[in-house]
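Colleague: Chains as they are written, first to last, in our numbering: chain B, 14 to 375; chain L, 23 to 241; chain F, 811 to 1039.
Treat the hints as calculated values from the structure; they're not laboratory data. Mixed in with the good hints there might be a few duds.
Stated by the list, open to error - With a Cα cut of at most 27 Å, we get these calculated DSSO-like pairs of lysine-lysine: (1) B:Lys221 x B:Lys303; (2) F:Lys930 x B:Lys81; (3) B:Lys287 x B:Lys364; (4) F:Lys854 x B:Lys181; (5) L:Lys105 x L:Lys191; (6) B:Lys181 x B:Lys303.
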Amino acid sequence: MTLSVHIRHRFGTFDLDVAFDAGPGITALFGQSGAGKTTIINAVAGLFAPDAGHVTLNGHPLFDSTAKAFVVPAARRFGYVFQDARLFPHLNVRENLTFGTRYAPASAKGASLDDVTDLLGLSALLNRMPATLSGGEKQRAAIGRALLAKPQMLLMDEPLASLDGPRKQEILPYLERLRDGPLGLPILYVSHAVDEIARLADTLVLLKDGRVQAHGPLYDVMADPAAVPLLGVREAGAVIEAEVLTHATDGLTQLRSSGGDLHLPGVQAQPGTKVRLRVLAQDVMLSVNKPEGLSAVNVMPVIIQDVHQGDGPGAAIALRAGDDRLLARVTRRAVAELGLTTGMRCYAILKATSVAPGSIGR
Amino acid sequence: MTVFAAASLRGALEEIAQAYPGDVSLSFGGSGTIARQIAAGAPADVVVLANTLWMDWLVEQGTHIIEAPQPVAANTLVLIGPKDAEPLAELNDLPARLATGRLAIGHRDAVPAGTYARQWLEAAGLWDEVKDRLAETDNVRAALAFVTRGAVPLGIVYASDAVAEPAVKVLWHAPASDHDTIAYPAAALTPVGKTFLHALTSPQAGLIFTAHGFQAVIQ
Amino acid sequence: MTSDAAAWEALRLSLWVACWATVLAVPLALWIAWILARRDFWGKSLLSALVHLPLVLPPVVTGYLLLMGFGRNAPLGRALDSIGITLAFHWSGAVLAAIIMGFPLMVRAMRLAIEAVDPKLEEAAATLGAPRIAIFGRVTLPLIAPGILAGAVMGFAKAMGEFGATITFVANIPGQTQTLPSAIWAALQIPGGENQAIAMVMMASVVAIGAVLISEALARRVAARIAGA
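Generate coordinates for the entire structure from the input sequences, incorporating the hints supplied.
Modeller: Put into structure tokens, the structure is as follows:
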């Protein structure tokens, strides 16, 4: 199941020229506001026709400027979850949810109303009117409505952008269920929030100024030093997978990753579950020698893969810890003074808070 | 000088007002509407109506009148058709001439010209035959317009209206005895209005009235 | 006909004409309101001006234009005659006059309602697979229904009150074109006719107020439903 996107479009001073493929799982489009993300997803949905290019799903052209092909949105069978939910105000939640079901072709597979209601926790809301729902409830209903139209793929345009922290944390597990659960729908997910991307994405497309700057599996792209300026120095960080071992009484949880054990606060998951962690690059320190007597509890032996000097005083170091990769951000001076080079063995020090809050997911 | 007058006097009164030394402001309308406006206190100096019924009503309402109302012009009723209509051999041919069309007259109760038309048709013994084939209008000029536009084959209007409209042809003159006298009573409501009232009954005014198809009132 | 009977006849005719005028005008007004609200095309301002013309012209002028266009002697009038539709001096002519006079008010109310519908909701419906007609029927129409109702009531009320254009076009014919306003006017033209007029004025007021109350109540029901009450 492949969505192939190649779009060139110009409006006003903005110039978009992107090409990428989206496969199974969640493909995230990341970029700052104005990078062109919503334009791309609207073009994929068929809400407008770009100046040039093509959008193909499993080889079938939905849009092709040279062949003058264009499939209208209603026929594309994409479920679109909008940033502002866009529930129909005159219909209750149940009627909203089942709105698109009658247009799905008989052959389409998809969840039933009960499945979706359970999945998204909507049972108590079915008879309510949209005006009485909270932001999070509206968004869940919007997701449910898109699912019940039995789409081949979900398109989500910053679905959590209008929600505050707690609401976001409430919905993220539902999105993880969408990705992992029996539905197994491919999802194109637009966001400018790195924690969402780190938690949900399988494939990552980084956009800047209307161009694709990086594109590939999440772990690879996040661990690439070149991603640091694109994600922002405060948000950049590699993603690693770890298994929860035990919860200690002093509030720290022990997790095992291929590079070593970690002790982190605030991990809710049960022992035995695998979680994703985004380790903020700016909070990874390096030590040439194994450090003793440090307050930081997490020390991992690592091998330097790449030293990437930026324009400013910073440098991004790509590290390998076991099978996982880490990013560390240090000063160019430190690189020079410590003589950090590719292939060198040293130690990465992670404070317990080096893992971004909210980015601990499955 | 403010004068409220019946609409059918428009052409003639405008000429008289022009010849009058001094500014005259003319306001035209249906006799009933004008009478009600004056009874409600409209600031007119002179009022000229198209029938005595409304003038009597005005007096009954206690409206302050300087001199007793007097007629300033008279009119006659005519039957008209479009310009190219065949002449009517006798009045009794009227229903046949109507065929499937209608006879345009002013509203039989509400428009004086319509009341006179009804009286004439009753006197001529034609009322019962035509009373369900009428097109009654809210003023006599609208009836004239129906004939001009060919919407109806026949209409009954004032002689003064027929004079004003070249696209119609007079087919019959109503005998004056067949209807109430069509007189235009005028009254002065303020001392200032007396002068205009006298102008209305002057020989010059009489000439103007005649030129417009009315009959001058001999003082 | 006694004056009482004449009054009831005028009321019956006014209701008949107003109902026909509203029923016939609503679909047309809705269509015009739609294209003015949602479409751009050459001549759009011209169309809008034309629609609003009866609002700004004196009713008598509109009636006269109708006479020129649809009278027995006029081109359109003759064409309609040949297919059996006679408007001259017939209640159908009164219906036409009522439609034309009420049209601008209907279009205005409906256009406002259509413009108030968020096109993003229609986009959302499209992405859910709904064809254009379904989007209109299931999303747009329910949301503009209060506006359509408001437009219809305005058109109905205007038709009940229409006088100048009607009497100029189709005269005052009891049973055919003597609508309530015509009858009220005729009564007022007779000295001492006020009593008869008052009775008819009350009839007209009851109908008009009733129509407004019903439409308000319906609009409130719709709003309450959306608010989730």
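Colleague: Evaluate each hint against the coordinates.
Modeller: Checked hints:
1. Between B:Lys221 and B:Lys303 the CA atoms are separated by roughly 39 Å; this puts the pair beyond 27 Å, and the hint is violated.
2. Our distance criterion of 27 Å between C-alpha atoms is met by F:Lys930 and B:Lys81, whose separation comes to about 26 Å.
3. Distance restraint check for B:Lys287 and B:Lys364: the Cα-Cα separation of roughly 21 Å lies within the 27 Å cut-off, and the hinted pair is therefore satisfied.
4. Under the criterion of a C-alpha separation no larger than 27 Å, the hint pairing F:Lys854 with B:Lys181 is inconsistent with the structure, at around 47 Å.
5. Taking the CA atoms of L:Lys105 and L:Lys191, the gap is near 5 Å; set against the 27 Å cutoff, the hint holds.
6. With a C-alpha separation of about 39 Å, the suggested pairing of B:Lys181 with B:Lys303 is violated against the 27 Å cut-off.
Hint violations for this structure: numbers 1, 4, 6, all remaining hints satisfied.
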